[in-house]
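With the hints in hand, could you dock these two chains into one complex?
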Amino acid sequence: MLNRFLKATELDTRMLGMIGALLLIWIAFDVLSGGLFLTPRNLWNLSVQSSSVAIMATGMVLVIVTRNIDLSIGSMLGFIGMVIGVIQADLLPMLFGFDSPATWIITLVGGLVLGVVLGAFQGFLIAYLGIPAFIVTLGGLLVWRGGAWWVTSGQTIAPLDSRFRLMGGGPEGSIGAAWSWAVGLAACVAVVLLLVNGRLRRKKFHFALRPVAAEIFLGSAACALILASVAVVNAYPWPIGSVRRYAEANRIEIPDGGLFIAHGIAIPVLIAIGVGVVMTFLALRTRFGRYVYAIGGNPEAAELAGVNTRWVIMKIFMLMGLLAAVSGAISIARLDAATNSEGTLAELLVIAAAVIGGTSLAGGVGTVAGAMLGAVLMQSLQSGMVLLGVDTPLQNIVVGVVLVLAAWLDVVYRRRVQ
Amino acid sequence: MSASAVPLVAMHDISLSFGGVHAVDRVSVDLQEGEVMALLGHNGAGKSTLVKILSGAYQRESGTISIRGDEAIIANPRDAKKYGIETIYQTLALADNVDASANLFLGRELRTRWGTLDDIAMEAEARKVMGRLNPHFQRFKDPVRALSGGQRQSVAIARAILFNAGILIMDEPTAALGPQETAQVGELVKKLKADSIGIFLISHDIHDVFDLADRICVMKNGRVVGMARVADVSKDEVLGMIILGKCPPAAIPGPGAIAAETVGSA
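Heads up: the sequence lines are chains D and H, in that order.
With this note's numbering, letter number 94 in the first sequence gets 404, and the count goes up by one each step, no holes.
With this note's numbering, letter number 100 in the second sequence gets 637, and the count goes up by one each step, no holes.
Derived by calculation from the structure, the hints in this document are not laboratory data.
We put the CB at the ideal spot given by N, CA and C, even for glycine.
Keep in mind that the hints are not guaranteed to be accurate.
[As the list claims (entries may be wrong)] Over 10 Å on every C-beta distance to chain H, these chain D residues come out as not near it, computed from the model:
{"hint": "1", "residue": "Gly327"}
{"hint": "2", "residue": "Ala399"}
{"hint": "3", "residue": "Pro403"}
{"hint": "4", "residue": "Ser410"}
{"hint": "5", "residue": "Ile416"}
{"hint": "6", "residue": "Phe431"}
{"hint": "7", "residue": "Pro469"}
{"hint": "8", "residue": "Glu482"}
{"hint": "9", "residue": "Gly483"}
{"hint": "10", "residue": "Ala496"}
{"hint": "11", "residue": "Ile526"}
{"hint": "12", "residue": "Leu535"}
{"hint": "13", "residue": "Leu645"}
{"hint": "14", "residue": "Leu655"}
{"hint": "15", "residue": "Ser693"}
[As the list claims (entries may be wrong)] Covered stretches of chain D, going by a simulated chain H footprint (3 or more residues, C-beta under 8 Å):
{"hint": "16", "stretch": "512-518"}
{"hint": "17", "stretch": "602-609"}
{"hint": "18", "stretch": "614-626"}
Chain H with its partners taken away, still in its complex shape (with noise of 0.2 Å):
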């Protein structure tokens, strides 16, 4: 991971404000392949908003997204999805009244010869894709509302590693987990990586992202602290980074890190 080479996706600059709250206020970050970049903060610290505007739910006021060193051109979801960029959702996003496939496929069916809907064949396909996140799936026929919320967030996940995805955004991926099956989510993680694929990791157990991260970037009141490579700061520099906003000597500062005199010394 040399900064030398091209970044698989680089936000720079990026701004947006929700009747003057700056909720993201010039955030530059940056994602290799095959790397999972934290992102770090308290809530309404800017990194949901932040992971947005990538996926195309929000659009930025200001500043430049690019993948793979072209300039991207995200005015919605669809135009995310084109980049292979995947969300999991906090809120999951699912819709509640339809199953299991046809949320999986959601806005990008399979259709048979005629142009119509293949169930059938979705469903077999989302039995393949379940049948590795969550082995015992069995509910294909029954509306997510039905759904444990450990199965609904599987759904999610499903749909997200279904078509090839380039970029993952997982915002709470484990938020509805037990410790099992967020342990399976960590495999995946790993696996995806192994994969190429980069993924930016939001969470709040600090734990985790100890586990699957490679970098952090930490997000207070809408601008970065600072970002770190997880080998270099301890569990605590992150804490005081996250509550504090103090960026330790190991880390790249940002425009939100307090400055060094106010702290005191390092």
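Isolated chain D (complex conformation) (with noise of 0.2 Å):
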């Protein structure tokens, strides 16, 4: 009966045993910290923490998929973060002046298009010299590495411009309780006319439709997971000390019990929510996306087919700097400054969210919201390990089994399923 149902909805089962593990996690977490974890400050703080790592899963789901890896990631991320921190910090200044409300965008803009260039790079290196991915990120993990401490001669730059701050989170950069309510209800009216438009489109074609209980099964689950998230983050007040300081800017009185404000989405998980959209709607609407998956699934018959497939590889690699570009201004934004260290060994981790989220190493299967719920369940893991006070390495070892056992469970799930 249950399984007939979860049949007419479609829904994927490896996906929906993803989500159960990551809620028996978070529940054993609340439970051995005595109520700590599932609290709107602990889940916002984990939303925030993930995001970084979530973003890049995103694009490294495409990579995996086609064979390939990216090690040079967090040390793209690093460098790029150092060259948004000099743009930021010695030269616009000269041009435009301190504070300018410039400076946020041109520095952004310039990080991204860093991106693109060291990816299509690497890519090209990759895809048209044939040179083997883990080679030529294995040089690029050293050479950004490189580059990032020799920008400044290791210097660390802080503090940051005051708006580009804003997409690290925090008070003032989280969009409150007002704005989060009307993304979330625009998001749950999304979700509807999805259902509505891929309904229709079936029934244009006469094809089978799913049953009418299933959708509305569906639409009201998916609503009401969006809802609630908008509710928990919309529950977490700013801090004491950041509401004296709002409340003297704008002359209000703060009436006896305090002032409530609530935090709302932080503008650092709404830029991966957007991230994840994108991404999943280039992964499966696009033709780029589809040549993603063939080629990951047989590159001869691709390239047979007539998919210029060292183009698409190139692509791919560009993708996946810009997104690292966007993880490097989170990263430093969030740290209010810019190190050489930033982004160290965030590949491991972002391959490992990847493949925990189940894309395959041998290539063309995978999903854009798998690999950011990996980055959920690895970033809960290990601020749940904080929260419980388990020292660093034994965080290590455990993130470390997790990875593996879970690339056992997949194993394990694909022989089923076959």
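Structural data, given as structure tokens:
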């Protein structure tokens, strides 16, 4: 009965399994920490901490699906972060003066362009010169990390532009309760429209339709999840210090019992969600995405079918560079400083997130949503262990074991399915 | 099929070697509209390599290819498709992880007016063409990895005939098929011929060849032994060409035929 219903919704059982595992981890940490884990504050922080890895994991899925790998993104993130820092701190003030409203956008765009260029360079070496991706990006790991140091001879750049900093989250870097509800409602409307549109198109071609009950269940479950998430981030108030500063700046009397200002969705989380939506769209609804999966399934067949496989591979690495730049901007904004060690080992976390999220290193298989969920799962493990006061070495051991375990479960699952 | 007509395809003096081995050695072969030209020979005789040069998968080292009298520039599979050359590869060349319609339209996806993939329209088209080839086929949602050998083969064939090919290359199209499906492919070949499509057919089954082909071209060690109209030669003579490289009198000998005196009088 339940089985039949699940089949009718056409949901991916593997994905449901991951969500189940995530909930299990959350509940376990909550119980072990005496109710500290499942609080608005911790969940909000979790969302912000996951965003940087989640953003890069969406690109890593495409890289791994085409049987490649990118080991350079952590270093690339660090290098781009440093360049953004230098443009902000040294170059732009000379042109526009300090605290110019143009600073954040110029530095951000500059960083993104740099990311695409670095990715294009690596992609060219891989796709057109035929150097294995492992080697090219291993070289990139060393080169860009060295570059990050070289930009300022190792000096840290801080503080950053006040508007740029909003990308890192924090009380000001969140959109507040009202906007969060607006985003949540818009997302619900989008979900309903997608379901209706899909149904209409199937009808037009006389294809089998999902039972109406399944459609309604899917729609309401998705909307409930979205609105519940908004409620959680809106339940996390600003810290007292921020409230006091805000009240003074706006000449508001703080009533007895304090003023409740909700964080709402953090800007980096919003960016991550946006990236996730765009990348899912790219992967599933565009030619580019179709080619990525076809190349992963059988590179020779894709080439024989007339796909320009080299150009597709190069584009994937350009995209990966762009995403590393986005994550770099978020990381330095969150830290309010550009350091040459930013993003160290991030590539491994990103690869782990993609693999936990069901991306197969043999190629051809993997979803953007799964990889993002994998990022959240890893971050949950890490922050849960921090909450429980687990030693750092043990944390790494646990994450490592979980990664291998997840890959093994995936192998078992796929064998069953076939 | 008079020889004076401009041939649909004329491959002239084509050579390609792999590491010193002449896989294809100065081969010339032509194909008329509505004709089935069977390429015969042992494994390694160079048949597959020759057609892969035509389909853009391999680059020839020398020689020319003309299509309808004009020299064709074929540097990759995309170029070949522009000339209306479609290929059913022996390996099928399917992306195993995506479904049948994604494979059928790979490289030529239908798109909505916003430029996104129109999966539903593609599936509808796929249902039409698959319905002609394999009426029982229903597994449009499964990755082709999950399909049987015969079903996979029908997907590969459907892909080749979906886009109004003018020239069709079939490399062992019936290798994975049962007798009934093989008969269907035979029917299909006749139908395509009637639509004046030219077909290069590679097959190991000499009975198939005699049923379907108009002419044969036998290759041995990368060279043409001889060409003949099917009506003019017997199966035994063709076997002699394949095995011994001996060209019967009714065939036009190629550079690969062993000289008459070493065989004795024909």
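Least C-beta distance from D:Leu645 to chain H larger than 10 Å = holds, 38 Å
Since D:Leu535 was said not to touch the interface, does its Cβ keep a gap of more than 10 Å from each Cβ of chain H?
-> holds, 25 Å
Find the nearest Cβ of chain H to the Cβ of D:Glu482 and say whether that gap is larger than 10 Å.
-> The claim stands: D:Glu482 keeps its Cβ more than 10 Å from every Cβ of chain H (closest is about 37 Å).
Test the statement that D:Ala496 is away from the interface with chain H: the closest C-beta pair must be farther apart than 10 Å.
-> It holds; D:Ala496 is separated from chain H by about 20 Å at its closest Cβ, greater than 10 Å.
Do at least three Cβ atoms from the stretch 602-609 of chain D come closer than 8 Å to Cβ atoms of chain H?
-> holds (count 6)
Distal placement of D:Ile526 relative to chain H, Cβ over 10 Å = holds, 22 Å
Are all beta-carbon distances from D:Phe431 to chain H longer than 10 Å?
-> At roughly 24 Å from the nearest Cβ of chain H, D:Phe431 sits farther out than 10 Å, so the non-interface label holds.
Is D:Ile416 truly not at the interface, in the sense that its beta carbon sits beyond 10 Å from all beta carbons of chain H?
-> holds, 30 Å
Nearest-CB test (10 Å) between chain H and D:Ser693 = holds, 35 Å
Given as non-interface: D:Leu655, partner chain H, CB spacing beyond 10 Å = Label holds. Min Cβ-Cβ 31 Å, cutoff 10 Å.
Would the least Cβ to Cβ distance between D:Pro469 and chain H come out above 10 Å?
-> holds, 43 Å
Say whether it holds or is violated: D:Pro403 keeps its Cβ farther than 10 Å from all Cβ of chain H.
-> At about 42 Å from chain H, D:Pro403 clears the 10 Å cut-off, so the statement holds.
The earlier numbered hints are all upheld by this structure, with none contradicted.
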